Amino acid sequence: MTSAVSIPRQGSAGGRTAVAARARQVVKAYGAGETRVVALDHVDVDIARGQFTAIMGPSGSGKSTLMHCLAGLDTVTSGQIYLDETEITALKDKRLTQLRRDRIGFIFQAFNLLPTLNALENITLPMDIAGRKPDQAWLDRVVDTVGLAGRLKHRPTQLSGGQQQRVAVARALAARPEIIFGDEPTGNLDSRAGAEVLGFLRRSVDELGQTIVMVTHDPVAAGYADRVLFLADGRIVDEMLKPTADAVLDRMKDFDARGRTS
Amino acid sequence: MTVWKTSMRNFLAHKGRMALSAVAVLLSVAFVCGTLVFTDTMNTTFDKLFAVSSADVTVAPKGADAEEDAQNGVPESLPAATLEKVRSAEGVAAAEGAVVSMNVTVVDADNDNVGATNGAPTLAGNWTRNDLRSMEITSGHAPRGPTEAMVDADTADKHDLKIGDELRTISQTGDFRSRIVGIATFTVTNPGASVVYFDTATAQRELLGATDRFSQVNITAEAGVSDARLKRNVTATLGGAYKVQTAKEASDEGRADVGEFMDVIKYAMLGFAGIAFLVGIFLIINTFSMLVAQRTREIGLMRAIGSSRKQVNRSVLLEALLLGVVGSVLGVAAGVGIAIGLMKLMSAAGMNLSTDDLTVKAATPVAGLVLGVVVTVLAAYLPARRAGKVSPMAALRDAGTPADGKAGRVRALIGLVLTAAGGAALYAAGTADKASDGSLMLGAGVVLTLIGFVVIGPLLAGAVVRVISAVLLRAFGPVGRMAERNALRNPRRTGATGAALMIGLALVACLSVVGSSMVASATSELDKSVGADFIVQGNQRIVPGAEKAMRDTPGLAHVTGYKEVDATLTSPDGEKDTDGVTAADPTYAEDLRRPTTAGDLADAYGTDAMAVGSDYATAHGVRVGDTLTVAFKGGRTAKLKVAAITDDDTAIDQGARYLSLTTLRKYLPADQIPPNSIMFAKAEEGQQDQAYAALKKSLDAYPQYQVRDQTDYKQELKDQIGQMLNMVYGLLALAIIVAVLGVVNTLALSVVERTREIGLMRAIGLSRRQLRRMIRLESVVIALFGALLGLGLGMGWGTTAHKLLALEGLNVLDIPWPTILAVFAGSAFVGLFAALVPAFRAGRMNVLNAIATE
Chain Y
1 MTSAVSIPRQ GSAGGRTAVA ARARQVVKAY GAGETRVVAL DHVDVDIARG QFTAIMGPSG
61 SGKSTLMHCL AGLDTVTSGQ IYLDETEITA LKDKRLTQLR RDRIGFIFQA FNLLPTLNAL
121 ENITLPMDIA GRKPDQAWLD RVVDTVGLAG RLKHRPTQLS GGQQQRVAVA RALAARPEII
181 FGDEPTGNLD SRAGAEVLGF LRRSVDELGQ TIVMVTHDPV AAGYADRVLF LADGRIVDEM
241 LKPTADAVLD RMKDFDARGR TS
Chain R
263 MTVWKTSMRN FLAHKGRMAL SAVAVLLSVA FVCGTLVFTD TMNTTFDKLF AVSSADVTVA
323 PKGADAEEDA QNGVPESLPA ATLEKVRSAE GVAAAEGAVV SMNVTVVDAD NDNVGATNGA
383 PTLAGNWTRN DLRSMEITSG HAPRGPTEAM VDADTADKHD LKIGDELRTI SQTGDFRSRI
443 VGIATFTVTN PGASVVYFDT ATAQRELLGA TDRFSQVNIT AEAGVSDARL KRNVTATLGG
503 AYKVQTAKEA SDEGRADVGE FMDVIKYAML GFAGIAFLVG IFLIINTFSM LVAQRTREIG
563 LMRAIGSSRK QVNRSVLLEA LLLGVVGSVL GVAAGVGIAI GLMKLMSAAG MNLSTDDLTV
623 KAATPVAGLV LGVVVTVLAA YLPARRAGKV SPMAALRDAG TPADGKAGRV RALIGLVLTA
683 AGGAALYAAG TADKASDGSL MLGAGVVLTL IGFVVIGPLL AGAVVRVISA VLLRAFGPVG
743 RMAERNALRN PRRTGATGAA LMIGLALVAC LSVVGSSMVA SATSELDKSV GADFIVQGNQ
803 RIVPGAEKAM RDTPGLAHVT GYKEVDATLT SPDGEKDTDG VTAADPTYAE DLRRPTTAGD
863 LADAYGTDAM AVGSDYATAH GVRVGDTLTV AFKGGRTAKL KVAAITDDDT AIDQGARYLS
923 LTTLRKYLPA DQIPPNSIMF AKAEEGQQDQ AYAALKKSLD AYPQYQVRDQ TDYKQELKDQ
983 IGQMLNMVYG LLALAIIVAV LGVVNTLALS VVERTREIGL MRAIGLSRRQ LRRMIRLESV
1043 VIALFGALLG LGLGMGWGTT AHKLLALEGL NVLDIPWPTI LAVFAGSAFV GLFAALVPAF
1103 RAGRMNVLNA IATE
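Chains as they are written, first to last, in our numbering: chain Y, 1 to 262; chain R, 263 to 1116.
Hints are computed from structural coordinates only; laboratory data are not their basis. From a predicted model like this one, the values you see are computed outputs, not experimental measurements. Don't take every hint at face value.
In silico DSBU-like pairs for lysine-lysine, Cα to Cα no more than 35 Å straight-line [as the list claims (entries may be wrong)]: (1) Lys277(R) / Lys92(Y); (2) Lys944(R) / Lys959(R); (3) Lys528(R) / Lys572(R); (4) Lys94(Y) / Lys651(R); (5) Lys510(R) / Lys153(Y); (6) Lys510(R) / Lys310(R); (7) Lys651(R) / Lys696(R); (8) Lys901(R) / Lys528(R); (9) Lys133(Y) / Lys94(Y).
From chain Y, some residues computed to sit far from chain R (all C-beta separations above 12 Å) [to be verified]: (10) Gly31; (11) Val38; (12) Asp44; (13) Gly60; (14) His68; (15) Asp74; (16) Asp93; (17) Asp128; (18) Pro177; (19) Ser191; (20) Asp226; (21) Met240.
All residues carry an ideal CB built from backbone N, CA and C; glycine is no exception.
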């Protein structure tokens, strides 16, 4: 299985397609000739709108590369990536930057916040950069959802790791992006703080209708998603709907065993 | 050994980050070495010239000084009979009489001065065998007879003179015309003097005013007779009435005169190099501080696996040593280049210097290397110590250590104490009664406030940056806010970067205030006290022909001569001084209105009367009616009655003692009366413009004199001070360039340090343009911070310095706001310029690499 195109292209939600983002025959290769390394090997993916998608795979499987390409942070060697109906692989840096600013949210594993800005300033930063006024009611709701109301004036250094990641989640949500990408957003957190952050992500999908794509190697984290894509050697090798942590873990073990015997 | 290896590797790994520090060391060392090589080369040039042009032994009148004219404007001379006497002395192979005068102006047929106008002298004399030691006739022949002349090839080239062209020589004894029959070329480098030769009789008659006299006698020794022995023989023959010198003594005397002048240039330039070094120190401290901060985890790891503090410390200092050596070696080489450049520049300005004479003494590279290395290592000492203090725990923590609160308070205290002490010293200087006490306090105040400001710079950075940002960055929204925060996040760094710029700009501000106050004071003084319409002066005292032309000019109500006369003054309390007196036409009292504290100035121009200044009167208890003894040099001693005491609260003629020309003539024989140093004239009522034109026309034949009305005179004064300031600004530019490098350096290192932040911001949608703008704004804020501090400090210094000048009669304080504001605005541009490359590089950073950096 090299494709995860399983959702009908035409949807119903407000004239938008049901697919928030899609990748078509995406190849990402580094180097040339003998030293050529293929990170993504003709990948086709559809990301469903209003769903929480997890991308899993062993180290070096290309999962982070796939996310970076989908998010317009990295360029592809060939193939197309669409965000809604916009082909982002055709965009120049300036338009791409605008697209990231206005239509995409990010949560990284670490170093999500600018140390010179306080929590609130970090949350509104993408809108500030765009010169837009944040929607105050929405902002209040987001801040409330992630439980940061009392800490908005704190600098990142005055917040715990879990709190910092929650600020990052709030920032990603505040601008109402079409899609949020998370790169191991709980990778640096202990299990309690991690569960908190994942809970917020889940709720933002359920209650706010947010689309989220998250790269992780943690089956527990993947258990919060609606759908898990498994990557190996730059290809999509499997997919699981309505996953549970145990099921994901079993599937991963399966891959490991296959990997060892083959 | 491992320490050496890690230092070496670190140095090479960070060569980009070291580059700007190396350039700062290079520039400072290059300036020092350039100065040394240049001045040494100049000295070599003069040494060679003097060595080759001095005869074995010379006999000159006692008291003759090559650099100065005799009082009456005719060169000192000795009787021609001396030559015969010298020839009779034992060991003399040959002796010839030489005539030389520096008090001449030579003009071509168009009345253009063919002499150097850049301060180098014009020499006129007879062509002797001695001249063949340094020159050879390259075309035509030596002058013979009263109408022939020969000029040096450089002068001929510069003024397009050919054989057959007519020259007019203007000396104290009159004008005379001659035709060029020969051109002689120097066989050594002639730095710039213009030389004109005549035959002996013509030179004697026209330059000395007597055919039976010589300026000096040049003697050649017989084979085997040493110069010293010859000198003894000649002295024995002539007695003690003459100055007898060996070649070495004569050239040493010439060298001493030139050497003094060269030393002034040398130390002034070294002073500016010193300022550049000082600024460079800030750059080096910043570089190492930032490298150490960036490497905190690495250092922590080294400490954790067993490196001692000393080893860590030493590894940083070793890097500094490498930096110092690389920068200095390149600097020494660049210094020779700078010296050659300066020589070319001087050539363009009309001064001949040959690269054949290029003198690189062993001490020059040694001085450059030692200075560069020592300064670099010293500057790196503090960051190195901080590196040594990094705890092994740092390896486990995230990068970036919070600022040390306690150190901040100690720093604030020290800084405030220093600044307060400096302020007190400046206040003391401003209120001093005597300029000498005041300048000492001023010096102390300048140094203390400077150090104080440097120390509290990081604390001021917080407040000042906020103010600047509030005013300037508002318009830039969130980008402006982030720029402000970035400038504020490390106040020590911002403080040191700004302080580097502060130093240069403080000096600029101080000098501009002083210069502008000088112009304003002098202008107001001129407006207030000068009654003359026209002022005539030049680099030769006014020859009788020019004076006559001036007095014959129509439309003038009066013409005033002004002579400076050598005399010894004895006050009633028995004190003697040799400051001389001023003799002028009585109309001078109208040309320069001097208020008196007692008596009437007009009375001082009566026979056997004089005026003294109020300072002198107070010091010696002199009152109107007292009698002073005035012994005129070369004349009689007079008893003159004090008729007026002039107020010394003035900038013009402060302390001058006036008497009339009539009185002077009574005590000084006509041939001893000095020519006018300056002359004044007043137009007849309503004839101002015509008279100005007429006066200029009558002095056409004397291009060495400038005729100026009050407006032109003021402009000239302004131009002169402006020129001087521009030169100083030019030299300060070096320090400012180093400071700008410092801003570039800080930004470049900050950008590297903030790679991840930049990546994050780019990821969430900051455009390249916004990112670049953010870095530029940070740079502008840092630059303006330095400018604000520097200009404030400099204006404080300037105002204090002006208070001291006010004691010398320069009363008007004029703060040149246009200049100050231009410098401030210029600093913003400097900031933009400094951010160019760092901003470009930040914009080019790959977003993913930036995020991935660990």
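Check your understanding: Beyond 12 Å from every Cβ of chain R: is that where the Cβ of Met240(Y) lies?
Key -> About 28 Å separates Met240(Y) from the closest Cβ of chain R, which puts it past 12 Å; holds.
Review point. Should the label of Gly60(Y) as a non-interface residue stand, given a Cβ cut-off of 12 Å to chain R?
Key: Fine: 14 Å to the nearest Cβ keeps Gly60(Y) off the interface.
Practice item. Would you assess whether Val38(Y), listed as outside the interface, keeps its beta-carbon beyond 12 Å of every beta-carbon in chain R? Key: Val38(Y) is indeed farther than 12 Å from all Cβ atoms of chain R, at 17 Å.
**Study point:** Status of the stated non-contact between Asp226(Y) and chain R (beta carbon gap over 12 Å)
**Key:** holds (25 Å)
Exercise for review: Grab the minimum beta-carbon distance between Asp44(Y) and chain R and tell me whether it stays above 12 Å.
Suggested key: Label holds. Min Cβ-Cβ 23 Å, cutoff 12 Å.
Check your understanding: Is the Cα-Cα distance between Lys944(R) and Lys959(R) 35 Å or less?
Key -> Distance ~16 Å between Lys944(R) and Lys959(R) Cα, so the pair holds.
Review point. Under the criterion that the straight-line Cα-Cα distance not exceed 35 Å, is the pair Lys94(Y), Lys651(R) satisfied?
Key: Roughly 45 Å separates the two Cα atoms, so the pair is violated.
Check your understanding: Taken at face value, is the distance from the CA of Lys310(R) to the CA of Lys510(R) at most 35 Å?
Key -> holds (12 Å)
Check your understanding: Hey, does Gly31(Y) actually stay past 12 Å from chain R on C-beta?
Key -> The claim holds: Gly31(Y) sits with its nearest Cβ about 16 Å from chain R, beyond 12 Å.
Review point. Within 35 Å, alpha carbon to alpha carbon, are Lys277(R) and Lys92(Y)?
Key: holds (33 Å)
Point to revise | Check on Pro177(Y) being off the interface with chain R, judged by Cβ distance over 12 Å | key: violated (10 Å)
Exercise for review: Below or equal to 35 Å on CA atoms is what counts here, so check Lys528(R) against Lys572(R).
Suggested key: Between Lys528(R) and Lys572(R) the Cα gap is close to 41 Å, so the pair fails against 35 Å, i.e. violated.
Violated hints, listed in ascending order, are 3, 4, 5, 7, 8, 14, 15, 16, 17, 18; each of the other numbered hints is respected by the structure.
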